[in-house]
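Q: Model the full structure from these sequences, guided by the hints.
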Amino acid sequence: MVKVISANRLADGIVVYAGRDGAWAERLSQAKIFASKAEAEAGLLVAQNDAKRNLVVEPVVVEVTGDASGLRAVTLREAIRARGPTIDFLPRPHAFAQDAGASQENTAKQTTNAVLRIPRLDTREREFVSATDSPDEIAR
82 MVKVISANRL ADGIVVYAGR DGAWAERLSQ AKIFASKAEA EAGLLVAQND AKRNLVVEPV
142 VVEVTGDASG LRAVTLREAI RARGPTIDFL PRPHAFAQDA GASQENTAKQ TTNAVLRIPR
202 LDTREREFVS ATDSPDEIAR
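Sequential numbering from 82 applies to the sequence shown in this note's numbering.
Have a look at the derived ranges for each label pair, beta carbon to beta carbon:
#1 Leu126 with Ile168: 31 to 39 angstroms
#2 Ile168 with Lys118: 32 to 40 angstroms
#3 Ala116 with Asp93: 25 to 33 angstroms
None of these hints come from the bench; they were simulated from the model.
The model shown is predicted, which means the values in this text are computed figures rather than measured ones.
The beta-carbon is built from N, C-alpha and C at its ideal position, and this holds for glycine as well.
A: Quick look at the structure:
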């Protein structure tokens, strides 16, 4: 089975592959293919030198298969790393930042208040709650 070298780029954590030209490539299709275990081990030594130079982290040999659509990782872990996350992990921009030029009125409208969810009360508890006059008595 053919192999490639995979790692994570230290600068941004992106999955990269040892490329055909000696550089690191972001796509599996651009990876250098190693036909034998000895070639892959020699390639891993070069990749480990890049790890020592703080270019990549954790270089490993990955088994791949080739078909009409291109290279595919054999293991599920490496297939997920090659294709990207299985969930939408990017935050929505409006969830964290408000417009810099927003007026106080708009800002007040955008804020949300916490809502207390009270579990459903049985009949006896409902009668007690309706018989009390103040929230302080309910809290007791």
